[in-house]
Amino acid sequence: MFPAGPEAPCQAWAVKDFTSAGVPPIGPEDHVRDEGEGSIVYADLGCPHCAAAWAEISAGPGTVVFRHFPVASKHPRSPALHAAAEAAGMQGAFFEMVDSLYAERGRVDDPHLWQRVERLGLDLDRFERDRRSAGVAERVRRDFETGIRAGVTGTPAVFDACTLLAVREREF
Amino acid sequence: MIAAGEPAPDFTLRDQDGEPVSLADFRGEKVLLIFYPLDFSPVCSDQLSVYQEVKPEIEARGVKMIGISVDSGFAHKAFQEKLGIDTPLLADFEPKGEVARAYGAYLEASGHANRSLVLVGEDGSVEWAYESPTPLDIPGANLIFDALASS
Chain L
0 MFPAGPEAPC QAWAVKDFTS AGVPPIGPED HVRDEGEGSI VYADLGCPHC
50 AAAWAEISAG PGTVVFRHFP VASKHPRSPA LHAAAEAAGM QGAFFEMVDS
100 LYAERGRVDD PHLWQRVERL GLDLDRFERD RRSAGVAERV RRDFETGIRA
150 GVTGTPAVFD ACTLLAVRER EF
Chain C
0 MIAAGEPAPD FTLRDQDGEP VSLADFRGEK VLLIFYPLDF SPVCSDQLSV
50 YQEVKPEIEA RGVKMIGISV DSGFAHKAFQ EKLGIDTPLL ADFEPKGEVA
100 RAYGAYLEAS GHANRSLVLV GEDGSVEWAY ESPTPLDIPG ANLIFDALAS
150 S
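From first to last, the protein sequence lines stand for chains L and C. By the count of numbering that gives the first Met the number 0, the first sequence reaches residue 171 at its end, each step adding exactly one. By the count of numbering that gives the first Met the number 0, the second sequence reaches residue 150 at its end, each step adding exactly one.
The set of hints was computed from the structure by calculation and includes no laboratory data. Wrong hints could be hidden among the right ones.
What the hints assert, rightly or not - Below, computed lysine-lysine pairings styled on BS3-like, alpha-carbon distance capped at 25 Å: (1) Lys76(C) to Lys54(C); (2) Lys15(L) to Lys54(C); (3) Lys95(C) to Lys81(C); (4) Lys63(C) to Lys15(L); (5) Lys15(L) to Lys29(C).
Note that this is a predicted model, so its numbers are computed, not measured.
Start from the sequences and build out the full structure, keeping to the hints where you can.
The structure is reproduced here in structure tokens:
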């Protein structure tokens, strides 16, 4: 796909397209909770605003689609948490992990993640392998990139039928 | 607001470390000037943090980013550290807002710049300029890539 050799990843990085594009519709790769009309949420697992909004968003009627939008410069732990959620998702527990991470924001270091994995009855060895895999990092980055192209500049950003409904209320 | 095709007014401002930075230093390179209202307001924090996440892609297109607000260099230093960003932040501090005024990005009633982006070309002329409808609206990073794709 890309030229082989040590320079290939850098070239791939440089040629990505970040020009404006609508929010992709819900697809087979998406993490979807419940059914019916609903919303697409770009959220950061390290973001306190997202944590505060998550309970409300996920309790509402209809579908909630979670898309990864980790802002690592602001929340350095976020990439690891998104990878953990994705790895839990590979064992069928994506939203359980997201709920738990948002519910206990003070307990997000590795030992706390392992405790969650055991509590959820997941395979810890597999979780450890998966969360560090290139595939998981790429999966998280793909969501992030669609958010950038859709103009997401803050989290949580909630879209309905691909139209931006609201970004969290802000002070100025 | 300044428009594409106009010469970008030169300036020399001090950065977060007190070092003078002039627009003329970047002649031969593209520079994106990011005017924003104030350090430590939640909206700005999101804007510069999100731009930081795509900084490698912006730089891969030969563009340097610079943030400018009316805050002091000391505030800029703390703000950079809080956000975990390394985009230089220039202090448009004294005379207050002089550079923002020169670019037509200053809001007199509020005493700070509006949220505005100005892409300065290699020859020192404005290639693209964007002013947010209000300081609460953050221009997405996608707009920067749109401008670079068409410039």
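Hints, one by one, checked against the model:
With a C-alpha separation of about 19 Å, the suggested pair Lys76(C) and Lys54(C) falls inside the 25 Å cut-off, and the hint holds. Between the alpha carbons of Lys15(L) and Lys54(C) the distance comes to roughly 13 Å, so the proposed pair stays at or under 25 Å and holds. For a cut-off of 25 Å, the pair hint linking Lys95(C) to Lys81(C) stands: about 24 Å separates their Cα positions. Taking the CA atoms of Lys63(C) and Lys15(L), the gap is about 18 Å. The hint holds against a cut of 25 Å.
Distance restraint check for Lys15(L) and Lys29(C): the Cα-Cα separation of roughly 19 Å lies within the 25 Å cut-off, and the hinted pair is therefore satisfied.
Violated hints: none; the structure is consistent with every hint.
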